[in-house]
Amino acid sequence: MVTELEERVEFAENPEPRCACVLLLDTSGSMAGEKIDALNEGIRTFKEELQGDPLASRRVEVAIVTFDSQVQVVQDFVTVDAFEPPLLHASGQTAMGTGILRALELVRERKAVYKRNGIAYYRPWIFMITDGEPTEPDHIVQHAAQEVRREEENRGVAFFAVGVDKANMATLAEISVRQPLKLRGLAFRELFVWLSASMQRVSGSKPGDQVPLPPTGWSEI
Amino acid sequence: MERVEWRVLAASVQGSMHERLELPCQDAFADATTPSGALIVAVADGAGSARYAQQGAQCAVQAMVEFLRNLPSDPLTNGGLDEWRALATQAIESVKRALAEQAAQHKATVSDFATTLIGVVATPHAVASVQIGDGAVVLEDAQGQLHLLTHTRVGEYLNETVFLTSEGALAHARFERWEGTAAHLAIFTDGLELLALQLPDATPYPPFFQPLFRFVDSPEASAAQLEAFLRSERVRARTDDDLTLVLIGRKGETPCK
Chain A
1 MVTELEERVE FAENPEPRCA CVLLLDTSGS MAGEKIDALN EGIRTFKEEL
51 QGDPLASRRV EVAIVTFDSQ VQVVQDFVTV DAFEPPLLHA SGQTAMGTGI
101 LRALELVRER KAVYKRNGIA YYRPWIFMIT DGEPTEPDHI VQHAAQEVRR
151 EEENRGVAFF AVGVDKANMA TLAEISVRQP LKLRGLAFRE LFVWLSASMQ
201 RVSGSKPGDQ VPLPPTGWSE I
Chain B
1 MERVEWRVLA ASVQGSMHER LELPCQDAFA DATTPSGALI VAVADGAGSA
51 RYAQQGAQCA VQAMVEFLRN LPSDPLTNGG LDEWRALATQ AIESVKRALA
101 EQAAQHKATV SDFATTLIGV VATPHAVASV QIGDGAVVLE DAQGQLHLLT
151 HTRVGEYLNE TVFLTSEGAL AHARFERWEG TAAHLAIFTD GLELLALQLP
201 DATPYPPFFQ PLFRFVDSPE ASAAQLEAFL RSERVRARTD DDLTLVLIGR
251 KGETPCK
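Going down the list, the sequences are from chains A and B.
The first sequence begins at 1 in my numbering and counts up by one.
The second sequence begins at 1 in my numbering and counts up by one.
In case anyone wonders, no lab produced these hints; they're calculated from the structure.
Yeah, the Cβ is synthetic: ideal placement off N, Cα and C, and Gly gets one too.
Derived Cβ-Cβ restraints for the label pairs, each shown as a range:
| no. | chain 1 | residue 1 | chain 2 | residue 2 | range |
| --- | --- | --- | --- | --- | --- |
| 1 | A | D37 | B | T109 | 43 to 49 Å |
| 2 | A | D37 | B | A108 | 44 to 50 Å |
| 3 | A | E174 | B | H106 | 36 to 42 Å |
Where chain A lies over chain B, by a calculated footprint (3+ residues, C-beta under 8 Å):
| no. | segment |
| --- | --- |
| 4 | 192–202 |
| 5 | 205–211 |
| 6 | 223–232 |
| 7 | 237–249 |
Just chain A, with the same shape it has in the complex (with noise of 0.2 Å):
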């Protein structure tokens, strides 16, 4: 009977939800040598950890969008499966503002597909990381400031920011209304081990959670 019964029931054929996660990356001069080494090795860690669980392998969505003196969506949203780590390399400027703009942007369209797909999912995901301050006129810095701060408010996104070695910490506390974490040294596998283990907790919740996010054993106290 119980063999029967599992057997018997069929499942509804709906499109899997998903969880759209933007990692918007500091690629500037500064970041060259080790940083951008290991931040190379780190987002290889998030594929891997992901991919470890079924269900976030299919839900998850990421994209990659890079900041320095050009702004560049090196990977427009994918299923992790599908996911191919990029190579990135560092140099020139700081873009930053330009970069959250376009991150925003690029959660907004990936909504509209999903709406217009009938494809149920979670609140998106923009994580930051840098170890500078934006290069660009402050006008653009406080738009994106404001965009960021707008998003929030409407819950249309979660934004995080992490400062890495030099970062100005105080410029990202004025851009994220969620407290920016210090990175503690080179710590991106760590950082991007939590990050999967965040979003498969994100990806598996039920309605109405705040999902309770993993200790970080990454950033500096």
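We have chain A already, so just place chain B on it with the hints.
For chain B alone, kept in the frame of chain A given last:
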């Protein structure tokens, strides 16, 4: 007076995510039959983030069932949807009082007991439901047609809902009353929604419900078998949430193959 003997089979299992996070199963269910034979069932899904979610869900289903079974007359005897709405509103208020008492005992806030709640009353002539938060109730009529009795989607995101303890929860409550003879009912928490309902309209998926309804009609069916089904690899590959499924049939129905 016509009387129906109900058969109720229910199972709750802990989701794999809750296992990993070492959280208990935070779903709960309770049922009772009134002296005149109306069936009352309540199902609750405690908020994963609430400190006493498990106790909140347990307290809510018990208080709901207690309130509806102890009325002077059966909940659906008089009137239509409006009367049910008034009655179910009182039921919710009594549940909220029970949660507040629990909170006071634990020196905690009522939001520490956050939970969703679905209450269902079934009589030979009508079925009524009240729902705050997610989950759903599906009903099969005498002709074998499936009806979505109640289901809600609050807000933009999948991981968003309203809890009994949320501010203005009553404004989000959904009340339903269906006139007729229900052959079967299924009440379930949101973990099963994507398996049981076809999006975007949340249409009940017949190949999901029909085998389960045939199952509940069979005399040897047991809650343990239902639980084994919820724990099966096929189910767990599709959801990592806590799952609760209550199946209701009528005794004396002969299962047809």
